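Line by line, the protein sequences are chains L and X. Going by the UniProt record's numbering, 172 is the number at position 172 of the first sequence; the sequence numbering is gapless. Going by the UniProt record's numbering, 274 is the number at position 274 of the second sequence; the sequence numbering is gapless.
Wrong hints could be hidden among the right ones.
As the list claims (entries may be wrong) - Only pairs whose alpha carbons sit at most 25 angstroms apart, straight line, appear in this in silico SDA-like list of lysine to any residue:
id, chain 1, residue 1, chain 2, residue 2
1, X, K155, L, K173
2, L, K349, X, F325
3, X, K349, L, K155
4, L, K349, X, I183
5, L, K155, X, S339
6, X, K155, L, K155
7, L, K155, X, I255
8, L, K349, X, Q193
9, X, K173, L, E176
10, L, K173, X, V214
11, L, K155, X, L67
12, X, K349, L, I183
13, L, K173, X, K173
14, L, K349, X, L67
15, X, K155, X, R236
16, L, K173, X, G269
If you're looking for bench data, these hints aren't it; they were derived computationally from the structure. Keep in mind that this is a model prediction, so the values were computed, not measured.
There are 2 protein chains.
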Amino acid sequence: MEYRRIKDQDDDDGKPHTDLESQYGKPFSGIDNVLNSGAVSIKKPNWKLKSVVTLALTLLTSSQAILIVWSKRAGKYDYSVTTANFSVEALKCVFSLVSLLRIWKSEGVTADNKLATTFDEVSVYPIPALLYLVKNLLQYYIFAYVDAPAYQILKNLNIISTGVLYRIILKKKLSEIQWAAFILLCAGCTTAQLNSNSDRVLQTPFQGWLMAIVMALLSGFAGVYTEAIIKKRPSRNIHVQNFWLYIFGMIFNIIAIFVQDYNEVMNKGFFHGYSFITVCMILNHALSGIAVSMVMKYADNIVKVYSTSVAMLLTAIVSVFLFSFHLSLAFFLGSTVVSVSVYLHSIGKLQPQK
Amino acid sequence: MEYRRIKDQDDDDGKPHTDLESQYGKPFSGIDNVLNSGAVSIKKPNWKLKSVVTLALTLLTSSQAILIVWSKRAGKYDYSVTTANFSVEALKCVFSLVSLLRIWKSEGVTADNKLATTFDEVSVYPIPALLYLVKNLLQYYIFAYVDAPAYQILKNLNIISTGVLYRIILKKKLSEIQWAAFILLCAGCTTAQLNSNSDRVLQTPFQGWLMAIVMALLSGFAGVYTEAIIKKRPSRNIHVQNFWLYIFGMIFNIIAIFVQDYNEVMNKGFFHGYSFITVCMILNHALSGIAVSMVMKYADNIVKVYSTSVAMLLTAIVSVFLFSFHLSLAFFLGSTVVSVSVYLHSIGKLQPQK
Numbered sequence: 001m002e003y004r005r006i007k008d009q010d011d012d013d014g015k016p017h018t019d020l021e022s023q024y025g026k027p028f029s030g031i032d033n034v035l036n037s038g039a040v041s042i043k044k045p046n047w048k049l050k051s052v053v054t055l056a057l058t059l060l061t062s063s064q065a066i067l068i069v070w071s072k073r074a075g076k077y078d079y080s081v082t083t084a085n086f087s088v089e090a091l092k093c094v095f096s097l098v099s100l101l102r103i104w105k106s107e108g109v110t111a112d113n114k115l116a117t118t119f120d121e122v123s124v125y126p127i128p129a130l131l132y133l134v135k136n137l138l139q140y141y142i143f144a145y146v147d148a149p150a151y152q153i154l155k156n157l158n159i160i161s162t163g164v165l166y167r168i169i170l171k172k173k174l175s176e177i178q179w180a181a182f183i184l185l186c187a188g189c190t191t192a193q194l195n196s197n198s199d200r201v202l203q204t205p206f207q208g209w210l211m212a213i214v215m216a217l218l219s220g221f222a223g224v225y226t227e228a229i230i231k232k233r234p235s236r237n238i239h240v241q242n243f244w245l246y247i248f249g250m251i252f253n254i255i256a257i258f259v260q261d262y263n264e265v266m267n268k269g270f271f272h273g274y275s276f277i278t279v280c281m282i283l284n285h286a287l288s289g290i291a292v293s294m295v296m297k298y299a300d301n302i303v304k305v306y307s308t309s310v311a312m313l314l315t316a317i318v319s320v321f322l323f324s325f326h327l328s329l330a331f332f333l334g335s336t337v338v339s340v341s342v343y344l345h346s347i348g349k350l351q352p353q354k
Numbered sequence: 001m002e003y004r005r006i007k008d009q010d011d012d013d014g015k016p017h018t019d020l021e022s023q024y025g026k027p028f029s030g031i032d033n034v035l036n037s038g039a040v041s042i043k044k045p046n047w048k049l050k051s052v053v054t055l056a057l058t059l060l061t062s063s064q065a066i067l068i069v070w071s072k073r074a075g076k077y078d079y080s081v082t083t084a085n086f087s088v089e090a091l092k093c094v095f096s097l098v099s100l101l102r103i104w105k106s107e108g109v110t111a112d113n114k115l116a117t118t119f120d121e122v123s124v125y126p127i128p129a130l131l132y133l134v135k136n137l138l139q140y141y142i143f144a145y146v147d148a149p150a151y152q153i154l155k156n157l158n159i160i161s162t163g164v165l166y167r168i169i170l171k172k173k174l175s176e177i178q179w180a181a182f183i184l185l186c187a188g189c190t191t192a193q194l195n196s197n198s199d200r201v202l203q204t205p206f207q208g209w210l211m212a213i214v215m216a217l218l219s220g221f222a223g224v225y226t227e228a229i230i231k232k233r234p235s236r237n238i239h240v241q242n243f244w245l246y247i248f249g250m251i252f253n254i255i256a257i258f259v260q261d262y263n264e265v266m267n268k269g270f271f272h273g274y275s276f277i278t279v280c281m282i283l284n285h286a287l288s289g290i291a292v293s294m295v296m297k298y299a300d301n302i303v304k305v306y307s308t309s310v311a312m313l314l315t316a317i318v319s320v321f322l323f324s325f326h327l328s329l330a331f332f333l334g335s336t337v338v339s340v341s342v343y344l345h346s347i348g349k350l351q352p353q354k
């Protein structure tokens with residue numbers, strides 16, 4: 001394999017890696033030894049594929065928020081959120097299997113695309129789902145300390161936590177300019193979301209800040225860990241990796257249904273209250289989830305954060321036309337800062353690192 | 001002179017200038033032929049001097065705003081603003097003369113530090129004062145279209161106009177990163193000033209935008225023109241250049257006194273209503289004015305804009321302690337963006353230009 005040969009040369013000459021792309025081949029030594037075991041190598045990312053999955057994620061994420069507003073306009077949620085989450089995981093499993101069937105038909109079953117797995121490979125797959133579960137549980141408690149507008153603002157800490165964990169855990173370097181761009185992304189997204197209630201965030205008590213930071217770290221860690229899992233065996237087919245990730249997603253969501261909505265589902269039925277818009281939302285969430293995995297495989301968490309941030313701005317712009325939403329001056333200023341950040345991130349890549 | 005020799009070599013080899021510093025030697029070919037005539041050369045800027053004058057400007061500008069708030073806390077202005085402006089110009093003239101006397105004593109009178117001047121040299125000196133006069137006149141009319149909070153926001157257009165005119169008129173290049181930093185400086189300063197009334201700026205009618213842009217261009221042009229005048233003959237002593245600039249400032253302010261406050265000054269006297277704080281403000285304005293000239297001589301308009309922007313943030317922080325001013329989330333976000341902008345501007349300089 002071409003890449004492996006280049007990588008081995010890199011290791012032989014013993015010089016520090018200065019090229020961002022070559023970092024893909026480094027072991028994720030910050031993570032537990034499960035991830036460290038085995039040879040780590042990856043094909044050089046395909047820029048066309050990278051762009052397509054990033055664009056798909058951006059468009060799916062921005063339409064996601066619009067679908068949520070749409071479904072809320074029709075009134076309250078009539079369906080159980082836990083069954084919807086389960087349906088999303090199940091649908092993603094189905095999509096992965098369909099993709100695999102097509103691949104098996106054209107390429108045949110190989111070691112990289114066979115569904116069968118080992119305990120070693122699959123044992124780390126429940127961890128991201130577990131991290132998200134803990135984060136979602138914390139979400140109920142944080143509202144004792146911060147209100148919804150303040151929480152919306154604090155969620156932007158995810159951007160910084162993802163950058164820091166990406167650096168620490170995946171040991172991938174960002175250039176000085178890219179770090180500056182990342183701080184700007186966080187500041188720009190927060191600015192774009194400013195409204196007359198935002199200043200309440202400054203009254204957040206210490207416990208609120210602590211929980212917000214823990215939640216940001218959990219969310220960032222789940223993202224970075226997923227990337228580590230998916231990138232650990234780069235030649236492994238992404239649909240097999242997704243299949244196993246989603247199987248654990250299904251299991252965790254079944255538990256959630258039993259804990260939270262058992263009676264409701266038993267009395268009213270699993271799909272009670274599902275409308276056309278609910279089905280669209282589930283479909284959108286499933287496709288977005290797959291897009292996130294693809295971005296993790298062919299790009300990285302940094303690209304994911306940029307993609308979802310730009311999606312947030314796109315949603316606001318589309319909302320002007322759909323819901324006669326008014327854009328604030330803060331939105332324009334935040335969008336300007338985010339745009340400059342995207343530009344700096346891209347030119348930061350071209351500069352040689354020091 | 002060492003620099004001139006280097007400059008001549010630059011011209012001889014005919015290659016484009018890639019070093020920012022070497023741009024100092026280029027003729028300001030965008031300006032009228034008065035500025036184009038004569039050999040243009042400059043000493044390599046002294047970094048220590050550059051830092052000292054920049055720091056002085058930042059501190060003087062930030063204390064300026066605090067003195068204004070202080071004087072307002074004591075009630076309305078009791079003195080005539082036009083006589084105060086004249087006093088500022090007169091004081092600057094006195095400071096320049098005192099500095100010149102000291103220089104003549106130590107170095108003797110030379111062609112570069114003699115006060116005598118030619119029509120050719122002095123003919124362009126009234127232009128910046130005239131540009132500011134037109135801008136100040138427009139200020140009365142713009143309030144027909146925008147209110148005070150919106151005007152405060154629109155004034156940040158000065159940052160962009162200064163950058164553009166600096167590039168066009170002085171033909172000095174900023175790197176891609178420095179341009180990005182400059183856009184961020186404008187967005188960051190505006191964000192830091194956001195309050196609940198700021199969104200009114202979005203309702204500004206076309207005439208308001210047009211006048212705001214014209215005023216920003218006039219202000220930017222006056223700044224860039226002053227730099228061009230001062231840098232035109234780099235070996236000329238700055239205090240002589242200041243003396244002539246301030247003489248025209250005094251003349252324009254005498255006209256303003258006659259037009260606006262003639263009766264009041266005649267009835268109540270020139271210094272009526274002056275308090276200790278008024279004297280402090282006049283002293284501060286005079287020193288700030290001299291610091292601006294120094295920054296133009298030893299640094300440039302870009303440094304001036306950064307210096308006054310950082311001063312705006314410092315003022316707000318000091319106001320927290322002095323006037324129990326509350327800092328908003330927008331202020332923190334804006335300050336973050338401005339800080340990143342300052343950082344990017346400084347690392348942008350180190351990158352080789354393309």
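Here is how each hint holds up against the structure:
1. Simply put, X:K155 and L:K173 have alpha-carbon atoms about 39 angstroms apart, too far for the 25 angstroms limit, and the pair is violated.
2. For the given pair, L:K349 sits about 41 angstroms from X:F325 by alpha-carbon distance, which is inconsistent with the 25 angstroms threshold.
3. With a C-alpha separation of about 34 angstroms, the suggested pairing of X:K349 with L:K155 is violated against the 25 angstroms cut-off.
4. Restraint check for L:K349 and X:I183: the C-alpha separation of about 20 angstroms stays at or below 25 angstroms, so the hint holds.
5. For the suggested pair L:K155 and X:S339, the alpha carbons sit about 22 angstroms apart, so the restraint of at most 25 angstroms is met.
6. Among the hinted pairs, X:K155 with L:K155 is inconsistent with the structure: their alpha-carbon atoms are about 32 angstroms apart, more than 25 angstroms.
7. About 58 angstroms separates the Cα atoms of L:K155 and X:I255, which puts this hinted pair outside 25 angstroms; it is violated.
8. Restraint check for L:K349 and X:Q193: the C-alpha separation of about 33 angstroms exceeds 25 angstroms, so the hint is violated.
9. Restraint check for X:K173 and L:E176: satisfied, since their Cα atoms lie roughly 22 angstroms apart, inside the 25 angstroms limit.
10. Under the criterion of a C-alpha separation no larger than 25 angstroms, the hint pairing L:K173 with X:V214 is inconsistent with the structure, at around 45 angstroms.
11. Between L:K155 and X:L67 the CA atoms are separated by roughly 39 angstroms; this puts the pair beyond 25 angstroms, and the hint is violated.
12. As the CA atoms of X:K349 and L:I183 are separated by approximately 20 angstroms, the hinted pair is consistent with the 25 angstroms bound.
13. A hinted pair counts as satisfied when its Cα atoms are at most 25 angstroms apart, and L:K173 with X:K173 does not qualify at roughly 30 angstroms.
14. Taking the CA atoms of L:K349 and X:L67, the gap is about 46 angstroms. The hint is violated against a cut of 25 angstroms.
15. For the proposed pair X:K155 and X:R236, the alpha carbon gap of about 33 angstroms is over 25 angstroms, so the pair is violated.
16. For the hint pairing L:K173 with X:G269, the CA-to-CA distance comes to about 68 angstroms; that exceeds 25 angstroms, so the pair is violated.
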